[in-house]
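Based on the sequences and whatever the hints tell you, model everything.
Protein chains in written order, with the working numbering: chain A, 226 to 539; chain B, 162 to 591.
Careful, some of the hints might be misleading.
What the hints assert, rightly or not - Partial selection, computed: residues in chain B whose CB lies under 7 angstroms from chain A:
id : residue
1  : Ala273
2  : Lys274
3  : Lys419
4  : Pro550
As the list claims (entries may be wrong) - Sample of chain A residues lacking proximity to chain B, with all beta carbon distances greater than 12 angstroms (derived):
id : residue
5  : Phe352
6  : Glu435
7  : Thr466
8  : Ile469
9  : Gly485
Note that these hints are calculated values from the structure, not bench results.
Computed from a predicted structure; not experimentally measured.
C-beta: ideal position from N, C-alpha, C; glycine also.
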Amino acid sequence: MSSTLESRSADVPSIPAPHQLGSRRAPSQKRAAAWMLAPAAVLLVTFVLIPIALTFALAFTDSKLVSPQPIRFIGFDNFTRIFADATFWKSLRNTVVFAVFVVPLQAGFALGLALLINTKIKGVNFFRTIYFLPVVTSMVVVAILWTFLYQPNGLINSLLLKIGIHGPDWLGDTHTALAAIIFMSIWQNVGFHMVIWLSGLQTIPSSLYEASSLDGASTWQNFKWVTWPGLKQTRTFILITITIAALALFTQINIMTQGGPLDSTSTVVYQAVRAGFQQQQTGYASAISLVFFVIVLMVSLVQRFLTRDKDQVR
Amino acid sequence: MAVRTYQRLVATSLAVALAVTMTSCAKGSSSQSDSGGSTLTLWTHNAGNAAELASINAIVTDYNSSQKNYQVKVQAFPQDSYNQSVTAAAAAKKLPCILDVDAPNVPNWAWAKYLAPLTGLDDTLSKFLPSTVGKWNSATYSFGYYDVSLTMVSRKSVLEANGIRIPTIDKPWTAAEFSAGLDKIKAGGKFKYALDLGTSATGEWWPYAYSPLLQSFGGDLINRTDFTSADKTLNGAAAVKWATWFRSMITGGFAPLKSGADPIADFGNGVSAILWSGQWSAVPLVKKFGDDVVFLPPVDFGNGPKIGGGSWQWAVSSGCANQAGAMDYMKFASQDKYVASVATATFNIPATDAAAAVVKGYEKGGAYDIFRQYSKKFATIRPPTPGYPFIATEFTKTAQDILNGADPKTELDQAVLDIDANQKSNNNFS
Chain A
226 MSSTLESRSA
236 DVPSIPAPHQ
246 LGSRRAPSQK
256 RAAAWMLAPA
266 AVLLVTFVLI
276 PIALTFALAF
286 TDSKLVSPQP
296 IRFIGFDNFT
306 RIFADATFWK
316 SLRNTVVFAV
326 FVVPLQAGFA
336 LGLALLINTK
346 IKGVNFFRTI
356 YFLPVVTSMV
366 VVAILWTFLY
376 QPNGLINSLL
386 LKIGIHGPDW
396 LGDTHTALAA
406 IIFMSIWQNV
416 GFHMVIWLSG
426 LQTIPSSLYE
436 ASSLDGASTW
446 QNFKWVTWPG
456 LKQTRTFILI
466 TITIAALALF
476 TQINIMTQGG
486 PLDSTSTVVY
496 QAVRAGFQQQ
506 QTGYASAISL
516 VFFVIVLMVS
526 LVQRFLTRDK
536 DQVR
Chain B
162 MAVRTYQRLV
172 ATSLAVALAV
182 TMTSCAKGSS
192 SQSDSGGSTL
202 TLWTHNAGNA
212 AELASINAIV
222 TDYNSSQKNY
232 QVKVQAFPQD
242 SYNQSVTAAA
252 AAKKLPCILD
262 VDAPNVPNWA
272 WAKYLAPLTG
282 LDDTLSKFLP
292 STVGKWNSAT
302 YSFGYYDVSL
312 TMVSRKSVLE
322 ANGIRIPTID
332 KPWTAAEFSA
342 GLDKIKAGGK
352 FKYALDLGTS
362 ATGEWWPYAY
372 SPLLQSFGGD
382 LINRTDFTSA
392 DKTLNGAAAV
402 KWATWFRSMI
412 TGGFAPLKSG
422 ADPIADFGNG
432 VSAILWSGQW
442 SAVPLVKKFG
452 DDVVFLPPVD
462 FGNGPKIGGG
472 SWQWAVSSGC
482 ANQAGAMDYM
492 KFASQDKYVA
502 SVATATFNIP
512 ATDAAAAVVK
522 GYEKGGAYDI
532 FRQYSKKFAT
542 IRPPTPGYPF
552 IATEFTKTAQ
562 DILNGADPKT
572 ELDQAVLDID
582 ANQKSNNNFS
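Structure follows, in structure tokens:
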């Protein structure tokens, strides 16, 4: 979303170009725009930029949450500790696995749902609402509910038992815990991206479909040659937002498993929060956050690069 | 022109942001002296606990009407965000004069200079249960009105039917006896689980409930002679024995890997035969089973039965500009009648003998007197080192991993490495 905002604000100066006559008008508009920007800018600086700058600085110190001792600069000690920590590598692996499964599955299901409800039949709004409901519900509430569903004698296993399957202790088994969380996360979030896909679908002019059906195109050909290319912008946006959200996995973990069993669901953000608040090691937690920041930045840049590359080819 | 406007804006917003943070800092240090008037602010974690909060409010009301010099004002917080609020307030130098603190955190907060040593209370506090008085570096920082006790809950009828001796405070179960008992109950087949360790709870429950078992085996969270290392105490032979036993409860099919959401209810419904829980289980279970339910001493795994000691306690902040007033309140609030009133409101073990005599159930021979005896005889406080919060998180993770099947020795060695590194990085809190 930020990318669209940026491009739009970059466009703003070019719009008043036609009325060059009012040469006094353009600067005053710019000033107005600038002052309108100010409240948001102040908040961003105070609550985003300054904390990020602090994180960068604290990552190289032994700062503690609770301590009477002055902060000391300790160079790269925190980073050597991170990279020597087996739990960090497990957390990183879990985070990557989560993203690798969630990004395509969630985007795919969301597109499927969006195609289903992008029809003009009676009652389609009812289904749109149903699919969107989990998104409106807080993740904390959803996580607590699913913890109950996943219990060894919970609803899911009771249903499985009816068809003769003895379900595992979903969240208590190292083999199923992460998968269970992946499934639940997709269920919770799929509605949000469905709405985004839907908005993308509705920007495709119906004249294109009319033309293609005149040519005798099948449903699949319609999708492949009209719908899919028409969703290019939406696709990039969805890819990047799901990836960043997936890498930042924390809430579900904190509520459902606390990283267990045997670190099978621990994530990088969970490690940072645990180190910073429970273990009172602000400096170490900042260093984890910094590493995480670099990883997310690299992933986003790679994605930007890949999507931009395609633009030029076409 | 436009560029300059933007530059100016960026500069302005930075300046405003800085100004905002600066003034809030400045406010922090200046308002500290404001509280130096006759008003003393008191913070408590009890916002979600109506009965306990009411008993604290009653003490404050009594105090405010008993003299004219000081007025105490109560501010209650929900327990979940209480510690964070205190830490944030301390960073902003806006701590209240009087605050409550969970016992194992007292040394950490005392070391961080959040708390001031209590003065003039030595005589009064000598009559308190040792586990209800918070000490660090030979100074007293806090006292509590009550303590709570861990207990093995079971039913007379179940134990008798399985031919298991009912243990007493003077003759608790030995490890062998306990193990044989579990075998008998399991063989009887009447219960899904012979034992429920209550593993579904999170947070401080893990060190509170399971480090006493470790201590009973002869291990500990850290070497208590100088609190610099956990080596050989948390990863010695005794600790490995504890870890192996802990895991064997799961692999042997005696206890669930993860207990139900409410282990006390499960026990009440006949899911488990023996429950490792605390005295708070007494009220619902006595209601359900009458005098069939028994609250037994912990098992003696070789080093004597152990239970965790120390609950919420009261302290004075070092930043309080009116130390005399705060100490005056603490002295007033430490009277036996208030120990009795808070213990009554919370159903907990009264901290003094005089209070116990008047709290229903805790008088000599009362229904709950046994908990007070356990507390007196078996309570071991969690290690009084400022490194405790870190040790607690390490122990929790280690115990969970061991329960899930990690190699005991490897896990315990790792915990020792982490704990020792943390103690060292803080200069051993000296």
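### Query
Does Ile469(A) sit more than 12 angstroms from chain B, CB to CB?
Per Cβ check, Ile469(A) is outside 12 angstroms of chain B; nearest 25 angstroms; holds.
Is the Cβ of Thr466(A) more than 12 angstroms away from each Cβ in chain B? Label holds. Min Cβ-Cβ 27 angstroms, cutoff 12 angstroms.
Min Cβ distance, Lys419(B) to chain A: is it shorter than 7 angstroms? holds, 5 angstroms
query: Far enough from chain B: is every CB of that chain over 12 angstroms from the CB of Glu435(A)?
result: holds, 45 angstroms
query = Was the hint right that Pro550(B) lines chain A, CB cutoff 7 angstroms?
reply = holds, 6 angstroms
Interface hint status, Lys274(B) versus chain A (Cβ within 7 angstroms): Nearest chain A Cβ about 5 angstroms off; hint holds.
Notebook entry, point to check: Hey, does Gly485(A) actually stay past 12 angstroms from chain B on C-beta?
Noted result: Label violated. Min Cβ-Cβ 5 angstroms, cutoff 12 angstroms.
Identify whether the interface hint at Ala273(B) stands, where standing means a beta carbon of chain A within less than 7 angstroms of its own.
holds, 5 angstroms
**Asked** Does the claim that Phe352(A) lies off the interface hold, with its Cβ farther than 12 angstroms from every Cβ of chain B?
**Response** Per Cβ check, Phe352(A) is outside 12 angstroms of chain B; nearest 34 angstroms; holds.
Hint 9 from the list above is the single one not met by this structure.
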